[in-house]
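Visitor: Protein chains in written order, with the numbering used here: chain A, 53 to 309; chain G, 70 to 326; chain S, 446 to 672.
In silico PhoX-like pairs for lysine-lysine, Cα to Cα no more than 20 angstroms straight-line:
1) Lys614/S with Lys604/S
2) Lys237/G with Lys232/A
3) Lys85/G with Lys617/S
4) Lys103/G with Lys91/G
5) Lys103/G with Lys92/A
Since the hints were made in silico from the structure, they are not lab data.
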Amino acid sequence: MEDIEHIPKEIQLVDDSGRRLDGRALDELRPIRIEAGVLKRADGSAYIEWGDNRVLAAVYGPREAHPRHLQDPARALVQCRYNMAPFSVSDRKRPGPDRRSVEISKVAGEAFAAVVFTEQFPRTSVDIFIEVLQADAGTRCAGITAASVALADAGVPMRDLVASCASGKIAGQVALDLNKEEDNFGDADCPMAVVPRTGEIVLLQMDGHLMEDEFDRAMKLSMNAAMKIYEMQKEALRRRYVVTDAEALLEERGVDT
Amino acid sequence: MSSEVVSELMREHIVKLIASGKRADGREPEEVRKLTIEKNYIKTAEGSARARLGNTDVLVGVKISTGEPYPDTPNSGVLTTSAELIPMASPTFESGPPRPEAIELARVVDRGIRETKTVDMAKLCIVPGEKVWILFIDIHVLDYDGNLFDASSYGTLSALSCAKLPAKLTGGEDQPLPLDHWPVSVTAAKIRRSIVFDPGLDEERIADARLTVTTDENGDIRAMQKGLSGSFSYDEVRYVISTARRLGNGIREIIRA
Amino acid sequence: MESSTPQRQLVIPGELIASGGLKSGEGTYSEDGKVFAAQLGLRSERGGVVSVIPLSGRYIPRADDEVIGQVVDLGPSHWLLDINAPYPAPLHATESPWRVEFGDTAKYLDIGDSAICRILQVDETKRVQVTMREQGLHRLEGGQIVEVSHSKVPRIIGKGGSMVMMIKKYTKVQGFVGQNGRIWLEGNVEDVMIAIRAIRLIEEHAQALGLTEAVKEFLDRAYAQRA
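Let the hints inform the model, and build the full structure from the sequences given.
Guide: The structure is reproduced here in C-alpha cells:
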C-alpha cells in the first residue's frame, strides 16, 4: 500500500498528446531484452528484462515424472511453477506458493502443453520454472515469454514458441503492456499468449471492464506486439547458438550413423 | 532421484586426485572459485546482491520495513533470514516447504551476521518499545554447483553493505545500514583424509564432513558449523580455522570493493 | 555419396523449413504439405528428407545404441540402470554376462557402479531393456566418467572417429563414448584430466570453425608444458 500513498489520487495516466507516464505511446511496448542459456544446472534457461520486470525461467526434462502415480502412459506432463521471490515486490512477499501463483502456474503450464509434443515422451514430465526476481506488472507475460525460450534452449520438441503480452485500458483508452502504476490505476488488464505461427490463443485472462470493441482493439495490440516479441525470442536463441561451421557437424552425423 | 546416487567411479577418481593434492577442476586444495558480486541487483529490495561463486549463483535481497520490536528486546531492531532452495537451481531440489538443508543454510548465514553484530541492532531502534527497523534477508538460490553456505554468506554481506533504510517510512533521507563488521565464511570439505576448500558439487556429494568457519576483519572467529556424518580431528579444525581466516581476507576485499 | 548441399541454417521450433517436395524427417513435423522445425537445431537435407539435427536436449534411448549406465537400484534378479535419459533401464540377470543366483545381483553390480550396455529394445511407451551379453559390454572399473549433452557426441567422436582417436593418441587414455553422452576415460590421472579438458573444449565450442585444430593445439600445449 505504501506505493500508492505517494501517487496523487487524480493521476493522469495518459496526457493530452496520448503519451503515458513513462513516455510511451498507447501501442508501445516497454523495452525488452532476452538472453538464452543463463543457468548451468537446468537443461534450458532464459532471462528476460521487460521494463522493470526481471524474470528467470528454467526447464528440466523431459525427465521421469515423480511421484510415479502422476505418470501418464500416453504423454509427458507439462508442469509449470511460477514463483515470486520475496524481495521482488515492494512489500515483502512470504516465500512459497499463494493462490495467485498457483493459478498462474496452472494456466501457463496448460499454454505450454498446447505446443510441446508431449506424446513423444510418455510417462515423463517437462518441468518449467518461472522465478520473478523483480516485478513491475506483466510478470506472467514476461515469464511465459522467457520460459518458451528456455524450452527451446532445452531442446524440447514443440510446434512453435509461445509469445505473451498484455493489453488493457487506462484513462478510458486501450493501451498495450501496462506497467505497475497503470495496472494499479487502470480500468482493465488482459494478458494473452499466442502461438505466433498459427495465431492460436493458448492463454487468455481478463479483469476489469472492457466494451467488446475495446477488447477487439486490445487483442489487436497484443497480437501485433506478440509478433515483435516472437522475433526477439528467436534472436535470443540465435545469439546463443551461433553457428560458425555447421557443415562439419552435418558431415560427421552422416559418417557416424 | 537417480541423480542422487553417487557414481563409484567419480568417488574413486576424486579421492585419488585429492590424495595427490589435486582437484577435478584443476584447483589447488586451498583455492576458492572465482567470486563475482553484483550489488543493487534488484530495485524492489532495499538492498540486494547477486553472488556467483564459480557456477553457484545466489541472489540475496534485503527488505526493510518498520514495526514493533520483540518484547524482550525493546531497543533493538529485528533481523530475519530465510533461504529458498528453489527447484530451478538443481534437479535434486523440490518445491514445498523449506527442508532442513534450507533452514540450516539460513541459520548459518544468520549466525554469521547476528553474532558478529554486523548490523548494529541498537541503531535500528526508532522509538524504544514501539517502533524499530525490521530487516528481512531472503536468500534465493538460482544455480547450485556446490558450497551454498559461502555463496549465500557473501551475497548476504554484499546486500547488507548496499542496503538503505528507506526515508519514505520515517521522513528525512535514505540512510545506509549501520554496518560495523565484515564477517566472511569459508567452508572446507573433508574427503577421506584430505581437506579441500570451497567444495564444488561433486566434492560436496562425496564429502565425509564439512566445516564452515566465519571470521571477521580482525581475524576473530564469529560462527562455525560442522556438517555431515564424518568427523574432524582437533588439528584439522585448527588448520581449517587458520586457512579460513587467510582466505577470508581476500574474499572480504572483493565484497567491500 | 550424392551431392546434397549442406545447409548451415539454425532453425527454431515453428520455423518453416520446406514448403513442398521434401519429406518430414527427425526433429520436424508437417502440416498441409509444409514442413516445420519441431526442435532447435541445424536444418539438414538428405535423400529427399528434411530433418533437424538437435543442438541440445535429453538423450532418448534407441534400440542398438551403446550407452553407459549407472546402477541406481537392484532387485533379486535385475538391476535398474540410469542411462542419462528420462527412462530408467532395467537389466535382467539373464541379459548379464554372469550366472547370477537369485538375490545375488549386488555381487556383480552394486548401486553406484557403471557398465557399458546396449539398448536391446524400446517399446511404444518407451519402456527400455538393456543387455550386457555381447562383446565389448562390461562393467567399468577404474577411470572416470564425464557427461556431455548427447547432441555433442558426434562432435566428440569426430569424422570417422578422428577426434576421439586424436585424444587417445596424445593422452594414451583408454575410453568409450556412450551415445547417451557419458564418456568413460581410464589411464594415468593427469592424462585423464587433460582428456577431460579436451572434451570440455569440444563441448563448449561444438559449433566452432576449425575445432579439430584447436583441440590439437590444446593437446600440444598441454604436453609441451609437461615435457
